[in-house]
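Asks: Chain residues, written in single-letter form:
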Amino acid sequence: METEVRVIGRVLVVGIWGELDLNTAPSFRSAVEEQLDANPDITDILLMMQEVTFIDSSGLGVILGRYKRLRPHGGNVIVVAPSPQARRALELSGLASVIPICDTEDEAWAKAVGV
Amino acid sequence: MSVKNHVTLEFPAVPENVEFARVAVACFASQISSFTLEEIDDVKLVVSEAVSNTVLHSYDVSGGIIRLSAARCNDTLTVIIEDFGKGIADVSQAKTPAFTTDPDRMGMGFTIMEALSDELHVSSVPGEGVKVVIRKSPHGAAKDSDDKEV
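Going line by line, the protein sequences match chains A and B.
Under the numbering used here, the residue at position 43 of the first sequence is numbered 43, and the numbers go up by one with no gaps.
Adding 115 to a residue's 1-based position in the second sequence gives its number in the numbering used here.
It should be emphasised that the hints constitute simulated quantities derived from the structure, not laboratory data.
It is possible that some hints are incorrect.
[Said to hold, decoys possible] Have a look at the derived ranges for each label pair, beta carbon to beta carbon:
| id | chain 1 | residue 1 | chain 2 | residue 2 | range |
| --- | --- | --- | --- | --- | --- |
| 1 | A | His73 | B | His121 | 51 to 57 Å |
| 2 | A | Asp41 | B | Glu125 | 36 to 42 Å |
| 3 | A | Asn39 | B | Cys188 | 50 to 56 Å |
| 4 | A | Arg69 | B | Glu234 | 43 to 49 Å |
| 5 | B | Val176 | A | Ala110 | 32 to 38 Å |
| 6 | A | Val113 | B | Cys188 | 42 to 48 Å |
| 7 | B | Asp175 | A | Val5 | 43 to 49 Å |
| 8 | A | Asn39 | B | Thr151 | 26 to 32 Å |
| 9 | B | Val118 | A | Gly9 | 58 to 64 Å |
| 10 | A | Gly9 | B | Ser145 | 30 to 36 Å |
| 11 | B | Arg250 | A | Ser30 | 34 to 40 Å |
All values reported here derive from a predicted model rather than from experimental measurement.
Glycine included, each C-beta is placed from N, C-alpha and C at the ideal position.
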């Protein structure tokens with residue numbers, strides 16, 4: 001699993017490649033938490049999940065945890081273009097009813113910055 | 116019905132082996148050619164959840180063992196995941212959606228496993244371990260062949 005993080009204004013964009021499970025979820029969580037701690041103005045996270053080849057509840061739990069961190073401050077986590085397996089896991093877990101899923105990055109940016 | 120093939124693996128209950136377990140079972144399941152790719156993905160997710168539960172909860176000290184068995188009987192895949200750790204005092208409570216002992220987890224593992232399996236049996240004797248039995252048959256392919264007959 002690999003991640004790439006970019007801070008653009010008040011938005012943290014996280015690219016994820018590979019498999020997110022019990023073994024890899026901690027490094028995903030650390031990569032995101034490090035940025036949130038260093039940039040307290042961040043309100044939203046865009047998770048680019050088109051290259052996630054596998055995710056289970058360990059990975060989903062990390063997403064839910066960041067949602068719980070941002071939500072009280074009016075922020076959100078937005079999933080962008082999840083792979084079919086990731087979309088299925090998001091839906092089965094019920095996370096898809098809480099966290100917005102966008103098909104394109106443009107759509108996600110519009111939701112994040114509210115235009 | 117006769118068992119056409121079976122494998123048994125034993126490995127330490129460590130996070131690195133979660134991927135190994137799901138990929139091994141996915142390879143075995145692919146011998147049932149009528150499984151769709153989506154169904155193989157479902158098998159991977161169920162195995163990943165079951166093995167993750169064992170790694171997280173079964174042993175208080177390192178060195179615990181997971182025994183994973185997979186068998187093919189006609190077109191039905193049976194996967195058994197066993198540990199020999201502390202067990203679950205209340206299996207019904209553990210299977211409750213959103214029940215978790217860890218604040219950074221979802222508590223949806225059993226719910227996902229039940230949704231994606233045809234049969235899921237969890238049994239435990241406290242102090243002796245947990246046994247999870249999963250059965251799954253290829254529905255997508257069966258539906259396709261039904262459609263073809265019509």
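Asks: Each of the hints needs a verdict: does it hold here or not?
Replies: Against the structure, the hints come out as follows:
no. : hint                              : result
1   : His73(A) x His121(B): 51 to 57 Å  : holds (53 Å)
2   : Asp41(A) x Glu125(B): 36 to 42 Å  : violated (50 Å)
3   : Asn39(A) x Cys188(B): 50 to 56 Å  : holds (55 Å)
4   : Arg69(A) x Glu234(B): 43 to 49 Å  : violated (38 Å)
5   : Val176(B) x Ala110(A): 32 to 38 Å : violated (51 Å)
6   : Val113(A) x Cys188(B): 42 to 48 Å : violated (55 Å)
7   : Asp175(B) x Val5(A): 43 to 49 Å   : violated (35 Å)
8   : Asn39(A) x Thr151(B): 26 to 32 Å  : violated (43 Å)
9   : Val118(B) x Gly9(A): 58 to 64 Å   : holds (59 Å)
10  : Gly9(A) x Ser145(B): 30 to 36 Å   : violated (46 Å)
11  : Arg250(B) x Ser30(A): 34 to 40 Å  : holds (38 Å)
In the structure shown, a violation is registered for the earlier hints numbered 2, 4, 5, 6, 7, 8, 10, in ascending order.
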